[in-house]
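J.: Residue strings, one per chain:
Protein chains: 2
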Amino acid sequence: MTQIYDRVALIGLGLIAGSMGLAMKRAGCVGEITGYAKTAKTREIADRIGLVDRVCASATEAVQDADLVVLCVPVGAMGDVAAEIGPHLKPGATVTDVGSVKQAVVDAVAPHIPEGVHFIPAHPMAGTEHSGPEAGFAELFDNRWCLLVPQPGTDADAVDRLEDFWHALGANCERMEVEHHDLVCAIVSHIPHIIAYTMVGVADDFHRVSEQEVIKFSAAGFRDFTRIAASDPTMWRDVFLNNKQATLEILGRFTEELFALQRAIRTGDGQTLFDYFNHTREIRRGIIEAGQDTDAPDFGRSKKH
Amino acid sequence: MTQIYDRVALIGLGLIAGSMGLAMKRAGCVGEITGYAKTAKTREIADRIGLVDRVCASATEAVQDADLVVLCVPVGAMGDVAAEIGPHLKPGATVTDVGSVKQAVVDAVAPHIPEGVHFIPAHPMAGTEHSGPEAGFAELFDNRWCLLVPQPGTDADAVDRLEDFWHALGANCERMEVEHHDLVCAIVSHIPHIIAYTMVGVADDFHRVSEQEVIKFSAAGFRDFTRIAASDPTMWRDVFLNNKQATLEILGRFTEELFALQRAIRTGDGQTLFDYFNHTREIRRGIIEAGQDTDAPDFGRSKKH
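These protein sequences, in sequence, are chains A and B.
Mapping of the first sequence onto the working numbering: residues 1 to 305, in sequence order.
Mapping of the second sequence onto the working numbering: residues 1 to 305, in sequence order.
Because the hints were derived from the structure by calculation, they are not lab data.
Every value quoted in this text rests on a predicted model; they were computed, and no experiment measured them.
We put the beta carbon where it would ideally sit given N, CA and C, even for glycine.
Here are the simulated distance ranges between beta carbons:
#1 A/Glu84 x B/Glu289: 36 to 44 Å
#2 B/Arg26 x A/Asp6: 54 to 62 Å
#3 B/Phe259 x A/Gly28: 45 to 53 Å
Can you make the complete structure from the sequences, with help from the hints?
T.: Here is the structure:
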């Protein structure tokens, strides 16, 4: 494959950067990959497992002469990193990120990007419950979506090039307005996570049912929540602090609906419950038809012959 | 294997009965298996795919001379079925069920069980999002738990025998008081299901994000909820109508916790969010150590090499 960028710098070396590094190598779509992480331990692991070609001692060193710089740090840390690397960016380079919220990233990062450097926020919608550099794998983005959120006036060629890059890593791409991005992600990602965290917290704190019982009998539904509730706490704290408006709006809708179902339970209104439960099967079917989940029973955990 | 029961009758031929039929054949632990389902179509399918040895035209015919009768119908239908078969049960037989709630089943079924027949409520905690006779598979109960809820005074040998039977089908067994059963299941199963249904309903009804967007981008967390929200609507309506007290109590706890996190988001209290999210990782670890879920990233949907 033709090289899309000569040099790529990954700032932050967790699950996403690690998977990007491996996916870039699989695709052979870039020249040298440099990388930097804040902690020495992460840098050592990244070096040992060969996540990038060259682990650098600082972010400024890593971005030197880079044609693409990818900010892979928690949303709350993006501004500081941008301020640090801003003066060292190569003219004509592209800066992008992988943050789960976009308005807050634009607000934090854009002021530090010098004239002549393209800043194109992006969000690969892929992940697992595992964190850290060793959690990365080359297939993470295959058939997943990467949302590009270019600001008005951004160089069209630079955006196309970033899109080609994500395609090479296996992802589908879609462009979206920043505000709409944050709303879509609140629905498909942020609210599901806060609800899963809450459910696991309630089970943990409910003393009349022991933790051993919760664990033993979790296959009855509960364990599905524990996967996403095992996601990185720092990342998720920053998501909620930085997508307040959309999160709070949809949480309001969620509790309204939940109260309606709670009332149906209390009053014994079986028809309302049945109609609600019957309706939600369709979305599942759509997700499976769109290739975004497996129809294997129980996520394929159960073996059916 | 020695035969545990000479003749077993399955009343209701959906996912659970279908899996029991196949698991019994795999184990070779019973003699003849008879079966009955309310609709002719289900009976035809069961006959065609060989779920049981003999599909009967009525429940009373199916239970004739049966040593074990398993009620595999929705919780709301258990009472009627028990009334119908009660006079036809063989003296010394055992009647059990697979319902997800137990107090309501005891109340509905026990009055119809004649003297000399053992009624031992049970609940195999296993299932998938698929329903119907063709959804069954022999491995469904392997390493899952079956809760036995014998009433005081029940014949100890009959309970031991039913436990042997569930072991032969691959399950682990535990005995529990009826009230505690309904509370445990509210936490590990009923509340996760109502929350998943609600989340899917909210996403479906939120018109500023299209259904196509929800489906496309569902891998970001949402799709984990859609699996259990695709479960059988009749079964789940009956569960909520029949486990009102425990469900409403835990829903109250859930919304209380959710409001606390919502407040932390609104006020920007990152420490509270971080502490909460950090804590919930431990339960996930426990579940994996107990062999109740896979540690493969993303439920094994992503291929990691």
